[in-house]
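**Student:** Spelled out from the first residue to the last, the chains are:
2 protein chains.
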Amino acid sequence: MKHLVFVALVFVARVFAIGQSASAAPVPDQSSPATSNVPGAPTPSVHTDRSITFTLKAPDARTVEVAGGDGLGSGPFPMTKNAEGVWSVTTPPAVPGFHYYWFVLDGVAVNDPSSETYFGYGKETSGVEVPEAGADYYAIADVPHGEVREKRYLSKTTGEWRRARVYTPPGYDKSPRTRYPVLILQHGSGEDETGWTRQGDAQFILDNLIASGKARPMIVVMDRGYGTRMATPPVKLGPGTPAVEVKTAFSAFEDVIVHDLIPAIDASYRTIPDREHRAMAGLSMGGMQTLFITLHHMDLFAYIGSFSGPIVPNLDSKQSLGSVPPGPFDTKTAYEGAFKNPSAFNSRVNLLWLGVGTAEPELFRAGIGGAARALEAAGVKVVYFESNGTAHEWQTWRRALNDFAPRLFRN
Amino acid sequence: MKHLVFVALVFVARVFAIGQSASAAPVPDQSSPATSNVPGAPTPSVHTDRSITFTLKAPDARTVEVAGGDGLGSGPFPMTKNAEGVWSVTTPPAVPGFHYYWFVLDGVAVNDPSSETYFGYGKETSGVEVPEAGADYYAIADVPHGEVREKRYLSKTTGEWRRARVYTPPGYDKSPRTRYPVLILQHGSGEDETGWTRQGDAQFILDNLIASGKARPMIVVMDRGYGTRMATPPVKLGPGTPAVEVKTAFSAFEDVIVHDLIPAIDASYRTIPDREHRAMAGLSMGGMQTLFITLHHMDLFAYIGSFSGPIVPNLDSKQSLGSVPPGPFDTKTAYEGAFKNPSAFNSRVNLLWLGVGTAEPELFRAGIGGAARALEAAGVKVVYFESNGTAHEWQTWRRALNDFAPRLFRN
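Heads up: the protein sequence lines correspond to chains A and B, in order. Sequential numbering of the first sequence, starting at 1, is according to the numbering used here. Sequential numbering of the second sequence, starting at 1001, is according to the numbering used here.
FYI, nobody ran anything at the bench for these hints, they're computed from the structure. Be aware that one or more of the hints could be misleading.
Straight-line distance between alpha carbons at most 30 Å, and here's what the computed DSS-like set of lysine-lysine pairs gives [to be verified]:
hint	chain 1	residue 1	chain 2	residue 2
1	A	Lys81	B	Lys1332
2	B	Lys1332	B	Lys1381
3	B	Lys1156	A	Lys57
4	A	Lys81	B	Lys1081
5	A	Lys156	B	Lys1174
6	A	Lys236	B	Lys1332
7	A	Lys174	B	Lys1318
8	A	Lys57	B	Lys1381
9	A	Lys174	B	Lys1156
10	B	Lys1340	A	Lys57
11	B	Lys1081	A	Lys236
12	A	Lys81	B	Lys1174
Computed from a predicted model, the values in this text were never measured in an experiment.
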């Protein structure tokens, strides 16, 4: 019996662990648990001045620091331990938006058990959401909501079952005869197909834009932006990778999009399956992929968006990617000559949209801004967008989507 | 320029981090990376004898151990460090199925960066999938696939936007006039609405059962099994919590299911909205909740399943939950007298299903098996299922669902 009661206690302790964390003492002052936390976890807590308090119980650790995305500030931030073995630090006011972060515990990067996880840096990573005053365009609101669906499809290119996420707009199920245009929307490197709906709140941005009549109802398809052709080795990507090998990797993903994903989506959903009703956009690496793929397939896409996508005009270069400085953008030769005839490009492409955050490294601003200016000067119609004060992070890309989506499918 | 090149290198290193992890050296012998890993991560790797090799790079750590779910064996397992600062251990052969695990790094439980994360223990947790020879009922196969959707709904009970996951069966979108029965399927404590599709592979179990004609096409709704009524404090659940307070917590969730979730589902999906076409089941705490809710609402449910759900016949008891031994099950008084008239119960309820794993603590087997035997002896029709050799873990519940779902909606 003693054993049974012990088992019962252990069981119940485990059963209700979540209830216990929900009952922890509230943190002091005008701060709130981040919405990115595990439900009930009191920290990270965000103060009214956007400073953030982090805690971790680690009585036996020698050092604990907080490190993370640019918008958190110039960390890492050393934490200090109290008598109960809880380490804590309050970081300086952060930039609004979603920031990846992690603890460095005796030299090892580990997640915060109080945070939900978000796929970034090629792994599950902690994240902290810092509210932006007055910005409600990405909040869940009492408007009709679309749905985010997990779609599996078999890829002939890679030979694997692939996962995509698909946003269907409000009313999709109620209007079984209505067909919709499609935006393919890609994450950045190290992220995956969950990024736009977990970190980016794309579904709420679309819900709100559609509810206010600012955007047309559309289907948004978010794929996992990696792929290796069957029976070929994966490209070993890194700073020293020759640009031509990057091209090999992107080319496999191009075939996934063109030959596997688009047919699977058109077969599964009530799309309008023509170029005038198909857009592609992506952030960072997803922006590179968008330019690479759409400029090869203008028969498939009429709307193109690159959100903070590095401008790499020539993937046939013998240079390695890490050694490419942002040089002048030659509109005649860049991207295999896609822009060499501006009037032909303008009559074919309904929207070319390039954006960057003003707090991104100069490399991005110079490359993206320079390309936009060169294209404009050559007569190519381009929308150039700057996100004020935000870095190479999700707040830049939420704003980008909020500007980009209303411009789609207007022709 | 030097700065720009440095920024470029840092950027590209981050951009392609996932590519690098995919290119790590293969592990020796007949082992394969677990399917629960981050794509490309070589460990945890599962050997043919079901032993598992774990690794973590932590040059400055003093101790690292692996700990986790029952099926891993009687850990924690101390790891040893090599000259490169990589800690590793190969654990004894594990029970097949999905096991939660974590590293204990200088005394702190942390996730494995090589594992995807799975919500358990009230937080995001690492997990390792150990194949079961010959068991393909939960594998993704080349059969028609349903979809898993993220549904948001506003709860009048709790005053919050709630998340549910909804499985719609293959063909749902193609047959806009077909209506479907509904199974509400709940996770265990410390888990959330993602458990059944992430850890449990419920969508593939249903896809496979439906493809082979063994189960009727159905909608499966998985809700987040927690809730606190508006303007009331959350119940502080723990081993010493009086059973009556557990009842308060379950009662709030009951109202969510009955007054918020079911109406939202019936309004959003093509359900057959009557009791003969509505089932509820759950695992562990979800089984407790299922019995609590369905036995109060036999006007709403005709099919009932409790998978490893602790039998707590009387939540009005003054005892705390942790002190309740598995006593004799009085069919006259248990569950507020729901079984006191066996023939009335049998004519009203199409299926009462109770299951448990043979490797679960005796507390569970005695309580669940004892209840099943007492109900049978009293003339209540009950299906009692034992999962051979599996513990209080997901393999038990996959098998449970695979046995339970084919029995639904046959009347």
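**Student:** Which numbered hints are broken by the structure, listed smallest first?
**Tutor:** Failing hints, ascending: 1, 3, 6, 7, 8, 10 and 12.
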